[in-house]
Amino acid sequence: GAVVSQHPSRVICKSGTSVKIECRSLDFQATTMFWYRQFPKQSLMLMATSNEGSKATYEQGVEKDKFLINHASLTLSTLTVTSAHPEDSSFYICSPGSGDEQFFGPGTRLTVL
Amino acid sequence: KQEVTQIPAALSVPEGENLVLNCSFTDSAIYNLQWFRQDPGKGLTSLLLIQSSQREQTSGRLNASLDKSSGRSTLYIAASQPGDSATYLCAAPFSSGNTPLVFGKGTRLSVIA
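Chains B and V supply the protein sequences, listed in that same order.
Numbers 1 to 113, taken from my numbering, label the letters of the first sequence in order.
Numbers 1001 to 1113, taken from my numbering, label the letters of the second sequence in order.
Warning: the hint list may mix true and false statements.
Claimed, not checked - Derived DSS-like pairs (lysine-lysine); straight-line CA-CA distance at most 27 Å:
| # | chain 1 | residue 1 | chain 2 | residue 2 |
| --- | --- | --- | --- | --- |
| 1 | B | 14 | B | 41 |
| 2 | V | 1001 | B | 41 |
| 3 | B | 55 | V | 1001 |
| 4 | V | 1001 | B | 64 |
| 5 | B | 66 | B | 14 |
| 6 | V | 1105 | B | 64 |
| 7 | B | 41 | V | 1105 |
| 8 | V | 1042 | B | 14 |
| 9 | B | 64 | B | 14 |
| 10 | B | 64 | B | 20 |
| 11 | V | 1042 | B | 66 |
| 12 | V | 1042 | B | 41 |
| 13 | V | 1042 | B | 20 |
| 14 | B | 66 | B | 55 |
| 15 | V | 1105 | V | 1042 |
| 16 | B | 41 | B | 20 |
Everything labelled a hint here was simulated from the structure, so no lab data went into it.
As the structure is a prediction and not an experimental result, all values here were calculated from the model.
Assemble the whole structure, with the sequences as input and the hints as a guide.
Now the structure itself:
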């Protein structure tokens, strides 16, 4: 299956700072990348869909100006949480769109103090 | 609204027992169904993928079934082991192509030695 990496795996930051999460598709050219988040004891919820070379689309309730997504190449998509607040603390995980069996990165645990 | 529901939310069994995890979905027009395993604080490991035209898939001690007409899937784990302890998630895309998955909330399984 597709090999997906994420960096960093864990980040702790102060409220008001910005955090960038990288997602790399190592053996698969991803024209689409799905970004999910998972709050404690909840399931994964789709946040946004990034498309290589075009603007990302966001799910209802997800602020596009707060969660900046860049999908500049077929192997790299980034999610930047701008001016992070404690309520943004969550597990962020990416998945390249494959149209069939889907694979996920190892996730990034964000804790905002 | 397309939803995936998993029952039970948590399950504790003694080692060696066979067990069944349940998943139901609201829209029978799913493209496929995937079962994942998630260890605490970790990403997702794909266990089984069942295409919409299939009724079941097997991998080792795992067997997943799919009944689209009733909107149900089950994951059967034979001869459970303590190493099977994890959260099991089912998820489905509700259309073909590059579409994201809709996840259930998962079943947290504990296998007691």
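Measure nothing beyond the straight line between the CA atoms of residue 1001 of chain V and residue 64 of chain B; if it is 27 Å or shorter, mark the hint as holding.
It holds: about 23 Å lies between the C-alpha atoms, which stays within 27 Å.
Pairwise hint evaluation, residue 20 of chain B against residue 41 of chain B, where the allowed Cα distance is 27 Å at most:
holds, 24 Å
Given the hinted pair residue 64 of chain B and residue 14 of chain B, is their Cα-Cα distance within 27 Å?
Holds - the C-alpha atoms of residue 14 of chain B and residue 64 of chain B are around 21 Å apart, at most 27 Å.
Taking only the CA atoms, is the gap from residue 66 of chain B to residue 55 of chain B under or equal to 27 Å?
holds, 14 Å
Within 27 Å, alpha carbon to alpha carbon, are residue 41 of chain B and residue 1105 of chain V?
Holds, at about 8 Å.
Below or equal to 27 Å on CA atoms is what counts here, so check residue 64 of chain B against residue 20 of chain B.
Holds. Residue 64 of chain B to residue 20 of chain B sits at ~15 Å (cutoff 27 Å).
Take the C-alpha atoms of residue 1042 of chain V and residue 66 of chain B, compute the straight-line distance between them, and say whether it is at most 27 Å.
With a Cα-Cα distance of about 25 Å, the restraint between residue 1042 of chain V and residue 66 of chain B holds, given a limit of 27 Å.
Going straight from one Cα to the other, do residue 14 of chain B and residue 41 of chain B come out at no more than 27 Å?
Judged against 27 Å, a Cα distance of about 23 Å means the pair holds.
Given the hinted pair residue 1042 of chain V and residue 41 of chain B, is their alpha-carbon gap at most 27 Å?
holds, 13 Å
If you draw a straight line from the CA of residue 66 of chain B to the CA of residue 14 of chain B, is it 27 Å or shorter?
With Cα atoms ~16 Å apart, residue 66 of chain B and residue 14 of chain B stay inside 27 Å; holds.
Hinted pair, alpha-carbon criterion (27 Å max): residue 1001 of chain V, residue 41 of chain B. Please report holds or violated.
Cα-Cα ~22 Å, so holds.
Straight-line Cα separation of residue 1042 of chain V and residue 14 of chain B no greater than 27 Å?
It holds: about 23 Å lies between the C-alpha atoms, which stays within 27 Å.
Every hint from the earlier list agrees with this structure, and none is contradicted.
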